[in-house]
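Generate the whole structure from the sequences, applying the supplied hints.
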Amino acid sequence: MNCDNTSAFASSQNPLIAVERKSVQRDQEMALIYVAAATGVLGNQVEITRATRAFMDHDQAFLQQFLGRFFEFDQEISAWMDRDPNSTIAGGWAHRLTHGHDLVAMLRLWQEHGHVGGLEWVNHVWLRDFWTPHGVPYLPAGSGPVYDWLVGQGVTPANALSLLSLNAAEAATGILVLLSLRRVASGINRMQRLKKFGAMLHDILDLSAKGCDPQALDLADRVMLLGITDKSPSLTLQFATTCLDLSRTASDFSCAHAWGAKAFIAAASLVRAGGDVPKTAVYHGNTAVSFAGLAATVMVSAYASQLRVANIPEANVLSAARFAAQKCIDLAEEQRRPNWFRVGAKNVWGYRPLSALSNLQLALEMSTLCGSLLQPSHDPIA
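Its first residue numbered 1, the sequence shown is counted upward by one per residue in this note's numbering.
If you are wondering where the hints come from, they were derived from the structure by calculation, not from laboratory data.
One or more hints might be untrue.
[Unchecked claim] No more than 16 Å apart at the CA atoms, straight line, and that leaves these computed lysine to aspartate or glutamate pairs for EDC-like:
no., residue 1, residue 2
1, Lys279, Asp330
2, Lys196, Asp221
3, Lys195, Asp230
4, Lys279, Glu334
5, Lys231, Asp27
6, Lys231, Asp276
7, Lys210, Asp252
8, Lys196, Asp230
9, Lys279, Glu333
[As the list claims (entries may be wrong)] Computed Cβ-Cβ distance ranges for the label pairs, DEER-style:
no., residue 1, residue 2, range
10, Ser319, Pro140, 51 to 59 Å
11, Gln192, Ile33, 21 to 29 Å
12, Gln326, His202, 33 to 41 Å
13, Trp110, Phe323, 47 to 55 Å
14, Arg222, Gln361, 30 to 38 Å
15, Leu63, Thr156, 31 to 39 Å
Even glycine gets a Cβ: it sits at the ideal position worked out from N, Cα and C.
Written out as structure tokens, the structure is:
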């Protein structure tokens, strides 16, 4: 099927900023997914750790059998870890807080048995007991006295153990919560950055429309100085294209040159970034073109129209332009063939003929710009 939605052309106002808004929405969605997953894992931690115990905490487990090929387990060390010297009963769960399972025990085993003792401790604690419902102590030392104090304060032994130990399900819950918080923070930062950028871009365009290019340039300098677009390739490209447009409508040559320089610097940073930028950018609605190709088009256009007299090696500009043109051609070749494409929130099997044409158009524009940059003495046949 044709994955290019032509109905999106007319409604597309600013696709690059729309990409950033979608990133905010994606952060919100992922934060909710992580919270839901954390809730599910925590609510079913007993069932989960019973299942993981069946796979991890016995001598015939796959991991134990695999490690046994390279490491000879010392059963005496393991037996010492499971027997509290203050108790006549080996095993159980309370002994993990009082004996053999904290970092103090690991250091003692290392001193007495060398690396064999340390490896045995790691295997016993983190590759076996950690995957059981009762888990292992997370405090480096002193879990036993803290456990006794909690019980003395009226906390039940089971709750005291739960407070002082960590199992695989609880660790997974903590990781999922941290990932959710990270997504929330990322979404907030994106929203703040997008709001600040939108306001400053509006002011820049307003000042330039009034003929106040020097003031608009000062505001553009603030955008670059504050690094508002640094973590967002889409906003950086939007800033570059805006500066390029303003270079064509500036009130005098010096302002046009300054706008062109800003467009060149911003676009060149994206071209140099290589794999750190998205593969595609939304262009003319729903078509997908090479992000590097679009950035290089802005870069070369700024150089060709405003910066030919600047102290910038022409060979570097030509090299970047050729590289980006090839990126556009490669992407067009990929899009003209049936494949899986990401359209909105879905993966769709089909092809993207309009996107392929857009990429070829960019490659043609790039080649034309490159031709205009070649010196008259250049021999095209050589």
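Hints and how they fare:
1. Distance check on the hinted pair: Lys279 and Asp330 sit about 11 Å apart at the alpha-carbon level, within 16 Å; holds.
2. Of the pairs offered as hints, the one joining Lys196 and Asp221 holds, with about 14 Å between alpha carbons and a cut-off of 16 Å not exceeded.
3. A distance of roughly 15 Å separates the Cα atoms of Lys195 and Asp230; the hinted pair therefore holds under the 16 Å criterion.
4. For the proposed pair Lys279 and Glu334, the alpha carbon gap of about 12 Å is at most 16 Å, so the pair holds.
5. For the given pair, Lys231 sits about 15 Å from Asp27 by alpha-carbon distance, which is consistent with the 16 Å threshold.
6. Restraint check for Lys231 and Asp276: satisfied, since their Cα atoms lie roughly 10 Å apart, inside the 16 Å limit.
7. Taken as a hint, the Lys210 and Asp252 pair is honoured in the structure, with Cα atoms around 13 Å apart against an allowance of 16 Å.
8. Distance hint between Lys196 and Asp230 is fulfilled; the C-alpha atoms sit about 13 Å from each other, no more than 16 Å.
9. With a C-alpha separation of about 14 Å, the suggested pairing of Lys279 with Glu333 holds against the 16 Å cut-off.
10. Between Ser319 and Pro140, the C-beta spacing of about 55 Å keeps the proposed range 51 to 59 Å intact.
11. For the pair Gln192 and Ile33, the beta carbons lie near 23 Å from each other, so the given range of 21 to 29 Å is met.
12. Between Gln326 and His202 the C-beta distance comes to about 36 Å, which sits within the given range of 33 to 41 Å.
13. Between Trp110 and Phe323 the beta carbons are some 54 Å apart, a value that agrees with the proposed interval 47 to 55 Å.
14. As the Cβ distance of Arg222 to Gln361 is approximately 34 Å, the hint placing it in 30 to 38 Å holds.
15. For the pair Leu63 and Thr156, the supplied restraint of 31 to 39 Å holds, since their beta-carbon distance comes to about 33 Å.
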